[in-house]
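Student: Here's the letter readout for the chains.
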Amino acid sequence: MYLYLPVALTSINILIPVGLGLGVGLLSGLFGVGGGFLLTPLLIMFGIPATVAAATDSNQIVAASTSGTYAHWKIGNVDFKMGLFLLAGGFVGGLGGVQLIKFLKAMGNADFVIKVTYVLMLGSVGSYMFYESLMSLKKKKTEESKPKKESSFTKFLQSLPFQTRFEKSGVTHSALLPIIFGSFVGILAAIMGVGGGFLMVPVMVYILRMPMHVVVGTSLFQILFNCIEVTFLQAYTNHTVDFILAVLLLLGSTVGAQIGTAFGRKLKGDQLKIILAAIVLVVTVKIVFDLTLSPSLLLAQTGGH
Amino acid sequence: MNRTRNSELGYLKFRHVLAVLCAFAMIFTVAHTSSAELTLKANHDHIKIDFFYHGSSVSVKGTADPGADLVIKIASPDSNQALRKKGKMAGMLWMNVGQLEFEHIPSLYFLTSTRDLEEIITRDEMINQGIGYPALEKSAEITPIENEDEKDRWFGEFVKFKESSHLYNINSGNITVTEKDGRQNFYTLFDWPYQASPGQYTVTVYAVKDNKVTEKAEAKVLVEQVGIVKRLATMAKKNGAFYGIISILAALCAGFGVGMVFRKGGGAH
Chain A
1 MYLYLPVALT SINILIPVGL GLGVGLLSGL FGVGGGFLLT PLLIMFGIPA TVAAATDSNQ
61 IVAASTSGTY AHWKIGNVDF KMGLFLLAGG FVGGLGGVQL IKFLKAMGNA DFVIKVTYVL
121 MLGSVGSYMF YESLMSLKKK KTEESKPKKE SSFTKFLQSL PFQTRFEKSG VTHSALLPII
181 FGSFVGILAA IMGVGGGFLM VPVMVYILRM PMHVVVGTSL FQILFNCIEV TFLQAYTNHT
241 VDFILAVLLL LGSTVGAQIG TAFGRKLKGD QLKIILAAIV LVVTVKIVFD LTLSPSLLLA
301 QTGGH
Chain B
1 MNRTRNSELG YLKFRHVLAV LCAFAMIFTV AHTSSAELTL KANHDHIKID FFYHGSSVSV
61 KGTADPGADL VIKIASPDSN QALRKKGKMA GMLWMNVGQL EFEHIPSLYF LTSTRDLEEI
121 ITRDEMINQG IGYPALEKSA EITPIENEDE KDRWFGEFVK FKESSHLYNI NSGNITVTEK
181 DGRQNFYTLF DWPYQASPGQ YTVTVYAVKD NKVTEKAEAK VLVEQVGIVK RLATMAKKNG
241 AFYGIISILA ALCAGFGVGM VFRKGGGAH
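In order, the protein sequences belong to chains A and B.
Going by the numbering used here, the residue at position 108 of the first sequence is 108; the numbering climbs one at a time, nothing skipped.
Going by the numbering used here, the residue at position 155 of the second sequence is 155; the numbering climbs one at a time, nothing skipped.
No lab work stands behind these hints, which were simulated from the structure alone.
A few of these clues could be false.
[Claimed, not checked] When the alpha-carbon atoms are kept at most 20 Å apart in a straight line, the in silico PhoX-like pairs for lysine-lysine are as follows:
#1 Lys139(A) - Lys155(A)
#2 Lys115(A) - Lys86(B)
#3 Lys138(B) - Lys88(B)
#4 Lys286(A) - Lys86(B)
#5 Lys168(A) - Lys268(A)
#6 Lys41(B) - Lys151(B)
#7 Lys85(B) - Lys160(B)
#8 Lys88(B) - Lys286(A)
#9 Lys115(A) - Lys160(B)
#10 Lys138(B) - Lys151(B)
#11 Lys160(B) - Lys86(B)
#12 Lys102(A) - Lys115(A)
#13 Lys286(A) - Lys138(A)
#14 Lys151(B) - Lys85(B)
#15 Lys41(B) - Lys105(A)
#16 Lys209(B) - Lys230(B)
#17 Lys88(B) - Lys160(B)
#18 Lys105(A) - Lys85(B)
#19 Lys138(B) - Lys160(B)
#20 Lys86(B) - Lys105(A)
#21 Lys286(A) - Lys115(A)
#22 Lys115(A) - Lys85(B)
#23 Lys61(B) - Lys160(B)
#24 Lys48(B) - Lys220(B)
Remember, predicted model here, so these are calculated numbers, not experimental data.
For reference, chain B alone in the conformation it holds in the complex (with noise of 0.2 Å):
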């Protein structure tokens, strides 16, 4: 009894010193962390939408602790989609066989890293950290499926579709890192695509160490459109009785203008 007593004592006595080392871990990585100062600038964060906008680029620079490998992501906020999936119908014709509701889930995401992701940091910690396609696969829900193979499956496509669309992009070694006053610079250009849709954008910057991220840091990135474009795309939701009595408008009288000329020239004679 006196022994199994003894034990638990000590297994307590453990327990508060493991408690108290946490704690002095946690002060000591959170004073590290601002002291460490990993910073992040987006060049052009406010990307304007007009009407000869064909797609831009985002630069990101900042400082972080010489040594750390970094992987620097931009994301659009989770949200909902739902695409039509493809499958055999009567054993020989691909048709659209229903559709798939892929839930909190970005609709653009971009990542690049000194290095392979894989290299650098270990898929638990990915995971964690909100890094990579895993990490994606693990929070995304995709419905009606059936089990895990099958979410395997369409998230695999999924990301096929959305690589092919220019809206999700992985690589590494595309960041430029110069070392100065014992400090590392950084810096990456990302290509900015057309085809992502207006909203706010974060851009993070992970510093990561002996698999682990040690630090983060943020900026934002705003796409909006402006002027023409904004008016005609606020019409067309808001007011699209107007919108559509217009667009008849314009096409009647364009049709009945170019047979006016065409008339005049003979063309039709």
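Just chain A, with the same shape it has in the complex (with noise of 0.2 Å):
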């Protein structure tokens, strides 16, 4: 069956957005990420024009978000002193990052650095996840958690003022810590018109040595507020929400996001962080190739990412 969509302007058969958002949420209940880098591009390959697709794919992961949070926090996985502290962070990211959208693009090569840190982002913090959770999936299988040493790097963190305890995640950091690198992806997020899950995941396991389940529902609960911002400020300045369409996907997303946190219960954290780490070098690669690759049609619409 097929709707139309009044601000996307194209009708669709119901069964692609639905579906997209089923697989969109488990992907967020099982990682803890919006799944932008994934919706946005599907979504303007099935018609829908970029600015739209990528407004309205923030309204949706407000539902899926809400949805998987919830059933996160039900079994304790939200930590949101934490998550607090890096909304905080995000938040003057944001505004940094788009300060320096303006500042690249009075350059002029905004495009290029954008692409290039896109790419860059994605393909590092996948390989190295991937390499570091095969790493101690194959140490567990010898031998059971050996006690780690404490790096420079750690000890430097511990030295830093405003020590908090962060009990959900049983550790303790600075205040700073949470707001700088909250910040930080705040900034790349803004830049290359992300939600920046999945910067947020990694930086929440190895720099913030959370646990992996808590790292999820956490990374969740900030996405949430993240895309309520973003959802209004594209309904009030752009005008880009299609609201029949996010009502398409959330239908999806959901369900999709409560069968991925029960589904995630069942893996491990480094089995999680493994198959996460998979999906965005699978990413990155199809992205490399759409740079690379000569282009059928040297037009398209403006907006998107």
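Take the two lone chains, each set in its own frame, and fit them into one complex as the hints suggest.
Tutor: Shown next, in the form of structure tokens:
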């Protein structure tokens, strides 16, 4: 059955957005990512204008991440305190990122810098996460958790002021740490026009040393707030949120997020990490292909990423 | 001297005669046009976009002088469109390298004719009458470009882009023609793509003889949103803040709602 989308000005078979929503929601519940890096290009592929695809995606993520946060909260996997510190950082970073884009645009090579940063970020984060989780999966088979040596980086982190205990995550950090790294992810997310979940998850895992399951729940919690802000701004300033498309997507994604959460409980942290890393790497390869193969059309609609 | 004056007088006389002939010709053409009665009717000329709209079709029929070839065009009014252009950076990476403005060019353009355009009409006449891609290219402005070659190239890309979005199409041989009572009845059916935005479109039919357009007639097709589709589209445009808040609340409720359902059903446990 087809439905007409009033803002996208196109008609779509409802099975497409519901199915895509289900898939992306599953990823949200499993890995704590919004999935914009997958969903937005797919929507564009199905004929949704780029600007509408990006804006509507953030509206849909509000639903999926509410569903996911709720499911993770019930099983005690959301560190609200950490989430709020990251959010504060992300907010400041987002503002900085917007300024940085203006600066890059004035320099005249914004798209080049953005694309290259995006590919390098995806590629390096994906590879590191893949390698690290593969190693620790192998290690666990032979020996049970070996006490980790304190690196100089850890020592440096512990010497920072405002040390705070994050009960849910079981870690003690300077309150500055989530704020600084939250804003770093915020800057990159604003530049690349993505939610930044795929960057936030590794930051929480490798820098904040939080357990993977709490990472997923906490990441969803802060994505929820980011996407509320983005949805409002897109609807208010660009008029590009398609309500009908968002409803179709969220029919799938809210359910997907629940299934993903339930399924994620059955997997180990390292297994989750390695699957997420593989997905990130596949997306990287796809983008590299897009960049190097001659496109069939040399013109495209404005907007999107 | 005299000889020159004589020849000047002769030339003036000749010009007078020519002018009178032209006037006659014009009167004759006008009279001819009104008596030939090229008629045109677009059936289904009010397309309503509701929730379940998935494109439509527009049939065009009418009568024309026997022996004339026909060209039928549906086009939106000219507008301006900005598109991103892709190019190679650093010699190997394809990415967006800026924007091009396409001005005075329709967003939808369909053309069909009884035979290939090249067989029935000259290029100059096509440009004069606004028929075909060369005519569109001539009246369009593309900025920023450096020369005519670049205009050719990007206009070609523009047509490719539009054809892939189902908004431009030129073909021939799809007009059914039957002769009756010394008149020629014609009929053709255009698939109306759901990608075409709401607005008013003009259907023009041209009768072509001896490489020239001898007559033309016009009709309108109105495409508009109705019902919920119209209300949502209007709200999104005119009341963005309210629309945004509603969208966010709906998403939050859906998220919580599904969470509750799964708790009851025990799906997450």
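Student: Each hint needs a verdict: does it hold in this structure or not?
Tutor: Hints, verified against the model:
no. : hint                  : in the structure
1   : Lys139(A) - Lys155(A) : violated (25 Å)
2   : Lys115(A) - Lys86(B)  : holds (13 Å)
3   : Lys138(B) - Lys88(B)  : violated (28 Å)
4   : Lys286(A) - Lys86(B)  : holds (17 Å)
5   : Lys168(A) - Lys268(A) : holds (18 Å)
6   : Lys41(B) - Lys151(B)  : violated (36 Å)
7   : Lys85(B) - Lys160(B)  : holds (13 Å)
8   : Lys88(B) - Lys286(A)  : holds (18 Å)
9   : Lys115(A) - Lys160(B) : violated (25 Å)
10  : Lys138(B) - Lys151(B) : holds (10 Å)
11  : Lys160(B) - Lys86(B)  : holds (14 Å)
12  : Lys102(A) - Lys115(A) : holds (16 Å)
13  : Lys286(A) - Lys138(A) : violated (28 Å)
14  : Lys151(B) - Lys85(B)  : holds (13 Å)
15  : Lys41(B) - Lys105(A)  : violated (51 Å)
16  : Lys209(B) - Lys230(B) : violated (44 Å)
17  : Lys88(B) - Lys160(B)  : holds (19 Å)
18  : Lys105(A) - Lys85(B)  : holds (16 Å)
19  : Lys138(B) - Lys160(B) : holds (17 Å)
20  : Lys86(B) - Lys105(A)  : holds (16 Å)
21  : Lys286(A) - Lys115(A) : holds (13 Å)
22  : Lys115(A) - Lys85(B)  : holds (15 Å)
23  : Lys61(B) - Lys160(B)  : violated (29 Å)
24  : Lys48(B) - Lys220(B)  : holds (14 Å)
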